[in-house]
Structures are given as structure tokens and as C-alpha cells.
Amino acid sequence: MSKLGINKRNYQIALALLMSLPHILNASPASKEYVDKQIKEVLDKVQGQLNQQRKIVDAQFTGLKHHIGEFYQGGVVFWVDESEQHGLIVAKMDATDGQGAPWSNGDSGDK
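Numbering of the sequence shown is given in the working numbering, commencing with residue 1 and proceeding in unit increments.
Where hints are given, some of them may not hold.
Computed cross-link-like contacts, DSS-like style, restricted to lysine-lysine with a CA-CA straight-line distance of at most 27 Å [unchecked claim]:
1. Lys45 x Lys55
2. Lys92 x Lys65
3. Lys55 x Lys65
4. Lys55 x Lys40
5. Lys32 x Lys45
It should be emphasised that the hints constitute simulated quantities derived from the structure, not laboratory data.
Generate coordinates for the entire structure from the input sequences, incorporating the hints supplied.
Shown next, in the form of C-alpha cells:
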């Protein structure tokens with residue numbers, strides 16, 4: 001290849017790079033700003049949806065109040081604390097069908 005061909009090719013490459021340089025320099029910050037803006041918009045939207053769901057769950061949780069005499073979890077509530085969310089339940093029927101349970105104080109028997 002002649003010396004002129006190499007120089008012409010290098011000139012064409014350099015000219016193409018120089019012509020595209022302003023586009024490369026200008027595109028990067030603009031696209032970063034655009035992407036950052038889009039991400040912020042999506043994050044704000046998702047955060048708003050999460051806040052709405054949290055409010056719904058909180059409202060449902062505070063609505064879980066129990067009262068004495070309520071049938072709950074297979075038994076009857078016989079005691080409730082001040083929050084009305086915790087209490088004690090008694091079984092509706094004896095677990096041993098009236099047979100009773102033999103007393104035992106550990107593996108070694110009665111002590």
C-alpha cells in the first residue's frame with residue numbers, strides 16, 4: 001500500500017472521529033440526566049404505592065381486636081389484654097375425650 005493510501009485512511013478515520021465527538025460529548029450528560037429523572041419518577045411512584053399498602057395493612061392490623069366469648073382458632077377467648085389483640089383461649093372440648101391425663105413429673109415419674 002502506498003504512503004498516500006495510509007495517510008488518506010488515517011485522515012478519514014480522524015475526520016469521522018472528530019465529526020462524531022460533539023455528539024458523544026453532548027449525549028452522555030443528557031442521557032444520564034434523562035435516565036436519572038426516569039429512575040426518580042419510578043422510585044417515587046413505587047414509594048407511593050408502598051406507603052398506600054402499608055396504610056392498608058396497618059388499618060387491618062389495628063382492626064384485629066378480640067373479645068371474651070369469641071370463637072377463635074378452634075377455641076373460645078376467655079381473657080383479653082388492654083390492646084384487645086392478645087389473649088388466652090380455652091379449647092371447646094377436652095383433648096382427652098373426658099378420660100383425663102395421667103399425672104407425670106418428668107421421666108422418673110411422680111416426685
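Could you check the structure against the hints above and give me the numbers of any it violates, in ascending order? Result: no hint breaks.
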